[in-house]
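There are 2 protein chains.
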Amino acid sequence: MSKKRVELPVLAAENAAAPCCPPLTAGELSVPDSERMAAMFKALADPVRLRLFSRVASHPGREACVCDIADVGVSQPTVSHHLKKLREAGLLTSERRGTWVYYAVAPSVLAAMSAMLDLPADR
Amino acid sequence: MSKKRVELPVLAAENAAAPCCPPLTAGELSVPDSERMAAMFKALADPVRLRLFSRVASHPGREACVCDIADVGVSQPTVSHHLKKLREAGLLTSERRGTWVYYAVAPSVLAAMSAMLDLPADR
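Here the protein sequences line up with chains V and U, keeping their order. In terms of this note's numbering, the first sequence opens at residue 1 and continues consecutively. In terms of this note's numbering, the second sequence opens at residue 124 and continues consecutively.
Isolated chain V (complex conformation) (with noise of 0.2 angstroms):
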């Protein structure tokens, strides 16, 4: 008996920091668009995850040490856990450097993000 040839469906490399999703005008979001999407803002739908990356995209360079930004009135664990949240919605990035890790802006997902929300003229 011969071996048959399988023709395997070539899988689309999953990349969470990759350039996403259509604008919200421009037409029905898919399920998986709609889901990576909607992972990606809320990220972003707590005060103190807000004001931790403002912290950072306002530094020089865009980028910050955690010693520098963690200062926003709750405790340390806290600061960790909303950090790491900002980070696996590839908002942020970190590195250690020593003692200390510093965080940087990731601007292609925020530039994504910006243009998911951008109105081009009315039709």
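For the record, the hints were derived by calculation from the structure and aren't laboratory data. Backbone N, C-alpha and C define an ideal beta-carbon position, used for all residues, glycine too. It is possible that part of the hints are untrue.
[Claimed, not checked] Heads up, simulated DSS-like pairs for lysine-lysine below, C-alpha to C-alpha not over 25 angstroms straight-line:
1) U:Lys165 x V:Lys85
2) U:Lys207 x V:Lys84
3) U:Lys165 x V:Lys42
[Said to hold, decoys possible] To give a feel for the contact side, a few chain V residues facing chain U, derived at Cβ under 8 angstroms:
4) Glu28
5) Leu29
6) Val31
7) Phe41
8) Leu44
9) Pro47
10) Phe53
11) Arg55
12) Ala57
13) Val74
14) Pro77
15) Met113
16) Ser114
Starting from the structure of chain V, add chain U where the hints point.
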């Protein structure tokens, strides 16, 4: 006894649809601004709400009858719940015309959210 004229404080009008909040990169967010922005992002942090919103936003004139957008694979009460959340966040407006309710995109809120996420050239 003569009546005293009481000076009442002038209260700022509460307006959910007011353009809100500086860009996330502009500096540290205030607590009230972060709370207002988080509420707007929360409204988009759900896949069904995003799909409903994109259905309205991609209709001609960015306006749609609820009868044309409700078929997103969830029950009618769930659709109503999500449309109410989008309305409360100021992202959609609604108007009853005869039998049906029509939803329209509130462009100023969307533009404000897009501006918040906008990254000017790096410093």
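Do the hints match the structure? See the list:
no. : hint               : result
1   : U:Lys165 x V:Lys85 : 15 angstroms, holds
2   : U:Lys207 x V:Lys84 : 31 angstroms, violated
3   : U:Lys165 x V:Lys42 : 6 angstroms, holds
4   : Glu28              : 6 angstroms, holds
5   : Leu29              : 4 angstroms, holds
6   : Val31              : 7 angstroms, holds
7   : Phe41              : 4 angstroms, holds
8   : Leu44              : 4 angstroms, holds
9   : Pro47              : 4 angstroms, holds
10  : Phe53              : 6 angstroms, holds
11  : Arg55              : 6 angstroms, holds
12  : Ala57              : 4 angstroms, holds
13  : Val74              : 11 angstroms, violated
14  : Pro77              : 20 angstroms, violated
15  : Met113             : 5 angstroms, holds
16  : Ser114             : 4 angstroms, holds
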